[in-house]
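Asker: Build out the structure end to end from the sequences listed, making use of the hints.
There are 2 protein chains.
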Amino acid sequence: MSQDHATQPVVTIGRQYGAGGLSVGRFVAERLGLPFYDRELLALAAKESGLSEAVFERHEEKPAETPFFAQPWAVPYHTAARPLGQQVFFAQFEAIRSLAAKGGCVIVGRCADFVLEGRPNVLRVFLRAPLEARLARIMAREGVDEAAARKRLRAAEKDRAAYYNYFTDRKWGDAATYDLCLNTGLFPSDEAVADLVAAAVRSAFG
Amino acid sequence: MSQDHATQPVVTIGRQYGAGGLSVGRFVAERLGLPFYDRELLALAAKESGLSEAVFERHEEKPAETPFFAQPWAVPYHTAARPLGQQVFFAQFEAIRSLAAKGGCVIVGRCADFVLEGRPNVLRVFLRAPLEARLARIMAREGVDEAAARKRLRAAEKDRAAYYNYFTDRKWGDAATYDLCLNTGLFPSDEAVADLVAAAVRSAFG
Chain Z
259 MSQDHATQPV VTIGRQYGAG GLSVGRFVAE RLGLPFYDRE LLALAAKESG LSEAVFERHE
319 EKPAETPFFA QPWAVPYHTA ARPLGQQVFF AQFEAIRSLA AKGGCVIVGR CADFVLEGRP
379 NVLRVFLRAP LEARLARIMA REGVDEAAAR KRLRAAEKDR AAYYNYFTDR KWGDAATYDL
439 CLNTGLFPSD EAVADLVAAA VRSAFG
Chain C
259 MSQDHATQPV VTIGRQYGAG GLSVGRFVAE RLGLPFYDRE LLALAAKESG LSEAVFERHE
319 EKPAETPFFA QPWAVPYHTA ARPLGQQVFF AQFEAIRSLA AKGGCVIVGR CADFVLEGRP
379 NVLRVFLRAP LEARLARIMA REGVDEAAAR KRLRAAEKDR AAYYNYFTDR KWGDAATYDL
439 CLNTGLFPSD EAVADLVAAA VRSAFG
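Just so you know, the protein sequences line up as chains Z and C, in that order. Count along the first sequence from 1, then add 258; that gives the number in the numbering used here. Count along the second sequence from 1, then add 258; that gives the number in the numbering used here.
These are calculated hints, taken from the structure and not from any lab test. Please note: incorrect hints may appear among the correct ones.
If chains are identical, the list can't say which one is meant, so a pair holds when it fits in one copy or spans any two.
Unchecked claim - Subject to a maximum C-alpha distance of 30 Å in a straight line, what follows is the list of computed DSBU-like cross-link-like pairs (lysine-lysine):
id: 1; residue 1: K409; residue 2: K305
id: 2; residue 1: K360; residue 2: K305
id: 3; residue 1: K360; residue 2: K429
Answerer: Shown next as structure tokens:
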């Protein structure tokens, strides 16, 4: 895509745990020739904020320990006066905005759809799948039995919803929050889902 | 599509008022070579149930007058012992099931996604758009000013959500209820949206 950097397409991917967001995201980036950001984003944010990577790992997509709006907004986000979870969030926020200003990209998770509000040419995607399909994927991917898969899914799901609902004014998984929601369990492969997402990007942004 | 009739693809389209569901639905049917059912469905249901068409028009996608589960299930749906709104719903329910058993089709509204639970090869679509895009569409389509468009939108929206939430065990517009949700305001035309829906059908059901 040879547009101006600040208007190259950005695809943000919210996803249920086990719905294939990471895999689909990589294929979408490949099809559109755009960089893909997931954990790399964390490393970048960490480097620029001065927080250690270990702290980021610990707080990654978990709700912060103090109610968000209980904090006075006047407190600068990068100071130690804010709880660590919030410092991590704001550092990621800055990293996402800076990456999206430099050019198009695909970003998985991290409230990127909310953070990039107002940037042109952002396709906000949400991927879900039926419980059975997600359990099967987790069992295959992580080599665990169904009981363990169920436990991991429940914990991750709770964290993601709480993280998103805490840091944004929106509801995780609400169709009104996204431009494209897909049930990945209905399609033959993650590549097939990525084809649909890429087609939507080309249709919307030319 | 030359599959067995009972497994030909069915596309159900739920939609916000002013998001273009009717227009997109017609294009999807055209692209897939499937029949399209909207108001025609009402006429059919009326003929088969013996209720007059005028009654159908009046109750069409409005919540029924009595709480649904207050009615004993033992009461046959077609008897006068049920409130009229429920009789209309159940007659439509039967019509939708009978049409989908005969072959593939595109159905707009009327809780068709819920009614067809268990039928193979159903793609459940929900179409939304930002408020401004929907107001602009209503003004152009119905030749009214913004205040009138806003009033119609609010009334229709309330009816649709109440109708869906009343007759199903799901939440209207919740991404978890659908296979594909699209923000029609992001794409250049209703034809472009229909292309994406048709591509999803072909990808999912071959």
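Asker: Does each hint hold? Answer for all of them.
Answerer: Hint-by-hint comparison with the structure:
{"no.": "1", "hint": "K409 / K305", "in the structure": "neither (33 Å within a copy, 51 Å between copies)"}
{"no.": "2", "hint": "K360 / K305", "in the structure": "within (17 Å within a copy, 61 Å between copies)"}
{"no.": "3", "hint": "K360 / K429", "in the structure": "within (28 Å within a copy, 39 Å between copies)"}
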